[in-house]
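Engineer: Sequence:
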Amino acid sequence: MSRGRRGGGLLIAGTTSDAGKSVVTAGICRWLVRRGVKVAPFKGQNMSLNSFVTREGAEIGRAQAMQAQAARVEPTALMNPVLLKPGSDRSSQVVLMGRPVGEMSAKGYHGGRQRSLLGPVLECLEQLRGAYDAVICEGAGSPAEINLRRTDIVNMGIARAARLPVVVVGDIDRGGVFASFFGTTALLSPEDQELIAGYLVNKFRGDVSLLEPGLEMLRGLTGRSTLGVLPFRHGLGIDEEDGLRVSMRGAVRESPAAPPYGEDVLRVAVCAVPLMSNFTDVDALAAEPGVVVRFVDRPEELADADLVVVPGTRGTVKALAWLRERGLADALARRAAEGRPVLGICGGYQLLGEHIDDEVESRAGAVPGLGLLPVRVRFAREKTLARPVGLALGEAVEGYEIHHGVAEVRGGDAFVSDADGRALDGCRVGSVTGTHWHGALESDAFRRRFLTEVARTAGRRFVPAPGTSFGALREEQLDLLGDLIEEHADTDALMRLIEEGAPAGLPFIPPGAP
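Heads up: the sequence shown begins at 1 in the working numbering, then just goes up one per residue.
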């Protein structure tokens, strides 16, 4: 595929949030790179509590980092220039080119700031198109959010400015997919509709032949073809776009727990704290055969857990109050007193300490922590963004840091040290461990050593499977996404759109934008 100095492009939009845009974007990236196409993902603006740190120290959405892995390229800030990290229902931290630039209300952002970012977002897209054969862009929510169209920088705003063809994804598992496709198109202006080039049905169960009459009628109504029907697949396990919706009663994602390698399973309970961030940290635990991971919000649900994880959060003080209100704080204290394992990650680590001084995130000032670790935390205005490496439990470990809290450790043992034994991060006292490092559990040898220690402490005859590679499992999942596109989408039509843009003469569907 050769485009000269400017690569081709495609925007994947959705009829709703969670329609499958992230999955489809990743799948197209993996399909293209397997064909020898140099491809990159892009999302102009992302709202997410699951984020990642690139090699250059920039914070971007984890979905874009996952899509970069699907494309087999190193993620950069260019791939997600604007990241919004909700701190409440009404405000978010704005991260621009990987660095936080302040807190802003939704009204203030959509009232003017967002539109001013269109230029920088387009500059990032053009830089990527100058360096890659193709750039696969992901939209956000729905392009038919007519109340936000004037300031849009992620859906039709960027498609119009960059002349990108648009494929709309609909989740048929929710029902109403035909109405959603038609309504999404019909609510757009004539200029926007010119770029809506086709549809993709996602999460279909059953006989496709039963769907075909509807697809033909949709083509007659809109003049646009459906470019694929992707079947429902369990166990994809890819990174979520955000942490705002998570099943608190099921296992992580939809993946069934594999049989244990040893005699026992190991039960992990994850406290579903408010504004939970980077809950993807526990995916590596769920990938281990015999490890059962569930999200919990009641103290009795900790009773049979062999390990309790307190995950990251965008609201450490709010999470602390929530734990106390629900009785989970007392349950954690009892576990610690009984010598039963607890792991705190980032914000979860901070609230396990003795004292929190926060004039930045919550502006609550001095707040007592749970007192399970001899740590005092002070929130700094400058955010720590890093990709550190070290040793934990004698094994190599690497991770990434995203936090305002600065920990002063006043006792216990370090969690991570360098090769000379000097403390790098975290604290351990008895069975309670805390660390600022996200992603540490993805280091296979360390994860096995840690779970072996947890099993011994819990009295379980659990043995980690020796050959489990989280990286290899992630590659398998990304290949599965590529297979879905290659086997169930009209790849010739997708390639034409990427190379040539939307076809001319697509009909206007009234009434159009009001």
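If you are wondering where the hints come from, they were derived from the structure by calculation, not from laboratory data.
Nothing here was measured: the structure is a model prediction, and the numbers come from that model.
Note that the Cβ used here is the ideal one computed from N, Cα and C, for glycine as well.
It is possible that some hints are incorrect.
Claimed, not checked - Capping the alpha-carbon separation at 30 Å, the derived lysine-lysine pairs in DSSO-like fashion look like this:
hint, residue 1, residue 2
1, 318, 383
2, 383, 203
3, 203, 38
4, 318, 38
To be verified - Now the in silico label distances, taken between C-beta atoms and shown as ranges:
hint, residue 1, residue 2, range
5, 96, 386, 38 to 48 Å
6, 261, 359, 41 to 51 Å
7, 207, 264, 54 to 64 Å
Engineer: Are the hints correct? Go through all of them and say.
Structural biologist: Now the hints, each set against the structure:
no., hint, verdict
1, 318 <-> 383, "holds (19 Å)"
2, 383 <-> 203, "violated (39 Å)"
3, 203 <-> 38, "holds (28 Å)"
4, 318 <-> 38, "violated (44 Å)"
5, 96 <-> 386: 38 to 48 Å, "violated (19 Å)"
6, 261 <-> 359: 41 to 51 Å, "holds (48 Å)"
7, 207 <-> 264: 54 to 64 Å, "violated (42 Å)"
This entry does not satisfy hints 2, 4, 5, 7, going by the numbered hints stated previously.
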